[in-house]
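There are 2 protein chains.
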Amino acid sequence: MGNYAVIMAGGKGERFWPWSRSNSPKQFLSLIGERSLIQQTVDRLTGLFPTEKILVVTGEALLPLVREHLPGVPRGNMIAEPVGRNTAPCIGLAAMRLLKEDSRSVMLVLPADHLVIETKAFLSCLARAMELASAEEVLVTIGITPTRPETGYGYIEKTGQALTGEPEVYRVQRFVEKPDRQKALEFLSSGRYVWNSGIFAWKARLILEKIQKHLPDLYERLEKMGKYLGTAEEAEALSKMFPAVAGISIDYGVMEKEKEILLVQGNFGWDDLGSWTALAEQSPKDEHQNVSRGQYLGIDTTCCLVYGQEALIATLGVSNLVIVQTNDVVLVCSMEHAQEIKELVNRLKAKGLDKYL
Amino acid sequence: MGNYAVIMAGGKGERFWPWSRSNSPKQFLSLIGERSLIQQTVDRLTGLFPTEKILVVTGEALLPLVREHLPGVPRGNMIAEPVGRNTAPCIGLAAMRLLKEDSRSVMLVLPADHLVIETKAFLSCLARAMELASAEEVLVTIGITPTRPETGYGYIEKTGQALTGEPEVYRVQRFVEKPDRQKALEFLSSGRYVWNSGIFAWKARLILEKIQKHLPDLYERLEKMGKYLGTAEEAEALSKMFPAVAGISIDYGVMEKEKEILLVQGNFGWDDLGSWTALAEQSPKDEHQNVSRGQYLGIDTTCCLVYGQEALIATLGVSNLVIVQTNDVVLVCSMEHAQEIKELVNRLKAKGLDKYL
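For the protein sequence lines, the chains are X and B, in the order given. Heads up: take any position in the first sequence, counting from 1, add 29, and you land on this note's numbering. Heads up: take any position in the second sequence, counting from 1, add 29, and you land on this note's numbering.
If you are wondering where the hints come from, they were derived from the structure by calculation, not from laboratory data. What you are looking at is a predicted structure, and each value in this text was computed from that prediction instead of being measured. Each hint should be verified, as a subset may be incorrect.
Note that the list lumps identical chains together, so a pair holds whenever it fits in one copy or between two copies.
[What the hints assert, rightly or not] Calculated lysine to any residue pairs in the SDA-like style (CA-CA distance at most 25 Å, straight line):
| id | residue 1 | residue 2 |
| --- | --- | --- |
| 1 | Lys384 | Thr355 |
| 2 | Lys378 | Arg322 |
| 3 | Lys378 | Gly337 |
| 4 | Lys380 | Pro313 |
| 5 | Lys129 | Ser312 |
| 6 | Lys378 | Glu316 |
| 7 | Lys269 | Tyr248 |
| 8 | Lys371 | Ser348 |
| 9 | Lys384 | Gly337 |
| 10 | Lys380 | Gly346 |
| 11 | Lys149 | Arg376 |
| 12 | Lys212 | Glu43 |
| 13 | Lys371 | Ser321 |
| 14 | Lys288 | Phe78 |
| 15 | Lys371 | Glu316 |
| 16 | Lys41 | Gly346 |
| 17 | Lys242 | Met270 |
| 18 | Lys242 | Pro79 |
| 19 | Lys371 | Asp131 |
| 20 | Lys380 | Ser321 |
| 21 | Lys380 | Arg322 |
| 22 | Lys256 | Ala191 |
| 23 | Lys129 | Leu341 |
| 24 | Lys187 | Glu310 |
| 25 | Lys129 | Gln318 |
| 26 | Lys256 | His143 |
| 27 | Lys380 | Gln202 |
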């Protein structure tokens with residue numbers, strides 16, 4: 030039976046601007062460790078999937094980068110979307126493609142750009158999710174044991190009790206949008222909520238049935254594209270048909286509408302690395318709580334993230350700053366505002382300064 | 030009679046690092062306005078001195094830069110010190126040189142890198158100082174009417190009353206080192222103190238007599254060097270003899286030891302531009318109190334100085350920062366710590382990172 034991992038690698042990752050650029054988004058950056066996030070994702074997965082069973086869905090413009098970063102993944106395993114349309118169409122395309130390979134394909138779906146610290150716990154969680162998805166006619170999602178009252182993640186409410194004999198497996202009660210601080214504190218203390226990781230497992234056939242049920246227009250278009258997938262006409266067909274697909278997330282389009290979803294709860298040092306601040310929190314720090322890359326000299330500097338590419342960065346008498354240098358941009362941002370970097374990116378677009386994006 | 034302006038242009042200007050570098054110190058930077066500080070100094074002086082009466086004393090390594098910045102000043106009017114030995118030897122050399130031109134030479138001595146906003150008031154103050162220095166056997170200094178309780182300047186205490194018929198001319202009571210905040214407030218409110226500008230006027234012969242009296246070793250060495258000044262052997266003679274001279278300031282070596290000094294008080298928007306903070310204070314600001322050079326985009330940013338050379342500098346949610354970019358260095362410093370940039374420079378030296386200096 031075909032067990033596949035599908036890596037979603039089409040993100041723009043603007044929140045890591047200016048290290049992430051439109052031609053090199055977050056998943057291709059070595060934000061933490063030596064390898065890029067997408068390389069680390071594949072490195073981890075090879076404990077469970079041979080590379081020929083790893084599929085990567087990315088943007089057309091990013092395809093050369095994906096090939097460069099992942100020389101071990103067969104070129105035929107890469108699907109290039111001509112435009113980004115969020116996760117439901119991306120997952121639908123991958124499912125169509127896998128169905129053609131093997132009607133019994135089971136797929137694990139995950140983003141390319143997350144942080145996972147404990148690979149062993151991560152893989153055993155994925156393995157359990159794949160077993161459940163194979164054995165039953167059910168959608169499976171991975172929920173992360175929360176470790177702080179995070180307001181930047183969506184949450185999933187579990188049913189009260191784990192399944193019999195399955196201490197880490199629950200039924201999903203409901204999906205919850207990013208909460209405010211007060212709600213996040215309640216979620217954390219209740220013990221009934223987990224973070225929505227965006228990692229899923231299901232039969233390719235099953236998720237397409239669900240898409241057909243909840244997103245019939247998308248399904249119809251996927252079916253039309255399906256026959257070209259894996260053929261020489263794939264790129265041409267996608268460029269004609271894919272842009273007409275409406276963008277929608279799998280969470281909003283399918284998961285939130287389904288009653289029966291299983292949840293495998295994991296605790297493996299996970300973070301979606303949604304901002305420079307999140308990166309700082311997850312990174313090893315020096316004795317003054319600073320995180321740095323490149324040539325750096327600080328005096329009276331505490332709790333800063335200093336990421337330089339070519340220049341020496343020198344700091345004096347500052348705290349709680351994100352300082353990032355590239356060959357043509359310097360960003361200086363307070364830690365508290367690091368979530369709003371997209372606003373800078375939008376402002377640059379509005380000013381026609383696209384060359385810095 | 031020979032009236033000369035002597036511009037002291039040997040400073041290192043490390044407090045404007047990283048814009049100032051060892052091979053391009055502060056006086057050669059266009060920190061405010063389009064022309065470099067040394068060009069602005071000469072531009073101003075030409076209202077009182079023809080360029081052939083302007084002498085520049087600088088460091089040997091800086092001579093090409095001086096020539097480039099001041100094409101109108103005759104090459105023969107430049108004295109190159111092989112090493113820096115503070116102001117007394119510098120002034121002594123210039124005096125020796127002028128004495129050879131004309132035994133009655135009167136010299137105005139001033140630094141190359143100060144800010145003067147009101148040129149007319151400045152020149153009328155200098156003219157008065159030159160008149161006094163010509164007419165009497167006395168050392169003359171320029172004192173600046175203080176406008177704030179500045180702790181970064183030396184002060185001069187005046188005698189209580191101006192000279193009869195000379196509302197801006199006083200006798201010097203004493204020179205005072207940089208005060209603490211409390212003392213600076215007292216000085217300001219008393220009305221008896223002015224800022225020590227480091228601008229002087231005197232006969233070349235007279236200052237050499239004073240050097241002979243207070244710094245006999247320096248005088249002896251100056252005399253030996255004197256006969257080579259203005260000849261083809263000048264550079265060789267200086268390279269042999271000047272390094273053996275002890276470094277000492279004219280304030281400490283002569284002025285503080287003299288009883289009879291006249292002071293011309295001026296008020297012409299003067300600043301010694303001793304730090305990035307001083308520059309920020311003297312510069313025009315945008316509606317959020319920011320001062321910027323180069324490509325800059327700020328959101329929620331107030332009271333920052335942002336000086337970029339090539340890169341776009343983007344800021345988000347920060348205040349009271351000095352952010353300076355060059356092709357190989359980024360400095361991020363709190364306004365309050367900008368006086369301590371030398372400490373960064375020293376640290377870089379200690380680490381052998383001289384390439385950034």
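When Cα atoms must be at most 25 Å apart, do Lys380 and Pro313 count as within-copy, between-copy, both, or neither?
between (37 Å within a copy, 23 Å between copies)
Could you place Lys212 and Glu43 in one of the four classes (within, between, both, neither) given a Cα distance threshold of 25 Å?
Neither: 27 Å inside a chain and 52 Å across chains, both beyond 25 Å.
At most 25 Å between C-alpha atoms: does Lys129 with Ser312 qualify within a copy, between copies, both, or neither?
Classified as neither; 42 Å inside a copy, 68 Å across copies.
How do Lys380 and Gln202 come out at 25 Å by Cα distance, when the copy is not named: within, between, both, or neither?
For Lys380 and Gln202, the Cα distance exceeds 25 Å both inside one copy (45 Å) and across copies (59 Å).
Are the CA atoms of Lys371 and Ser348 at most 25 Å apart within a copy, between copies, both, or neither?
Classified as both; 22 Å inside a copy, 20 Å across copies.
Pop the pair Lys129 and Leu341 into one bin, within, between, both or neither, using alpha-carbon distances up to 25 Å.
neither (53 Å within a copy, 49 Å between copies)
Within, between, both or neither: how does the pair Lys288, Phe78 come out at a Cα-Cα threshold of 25 Å?
Neither: 29 Å inside a chain and 90 Å across chains, both beyond 25 Å.
Within, between, both or neither: Lys371, Glu316 at alpha-carbon 25 Å:
Result: close only across copies, 23 Å inter versus 31 Å intra.
How would you classify Lys149 and Arg376 at a CA-CA limit of 25 Å: within, between, both, or neither?
neither (42 Å within a copy, 44 Å between copies)
Is the C-alpha distance from Lys242 to Met270 at most 25 Å within one copy, between copies, in both cases, or in neither?
within (21 Å within a copy, 94 Å between copies)
Is it within, between, both or neither when you check Lys129 against Gln318 at 25 Å Cα-Cα?
For Lys129 and Gln318, the Cα distance exceeds 25 Å both inside one copy (51 Å) and across copies (63 Å).
Intra/inter-copy verdict for Lys256 and Ala191 if alpha-carbon distance must be at most 25 Å:
This pair counts as neither: shortest intra-copy Cα distance 41 Å, inter-copy 99 Å.
When each numbered hint is compared with the structure, violations occur for hints 5, 11, 12, 14, 18, 19, 22, 23, 24, 25, 26 and 27.
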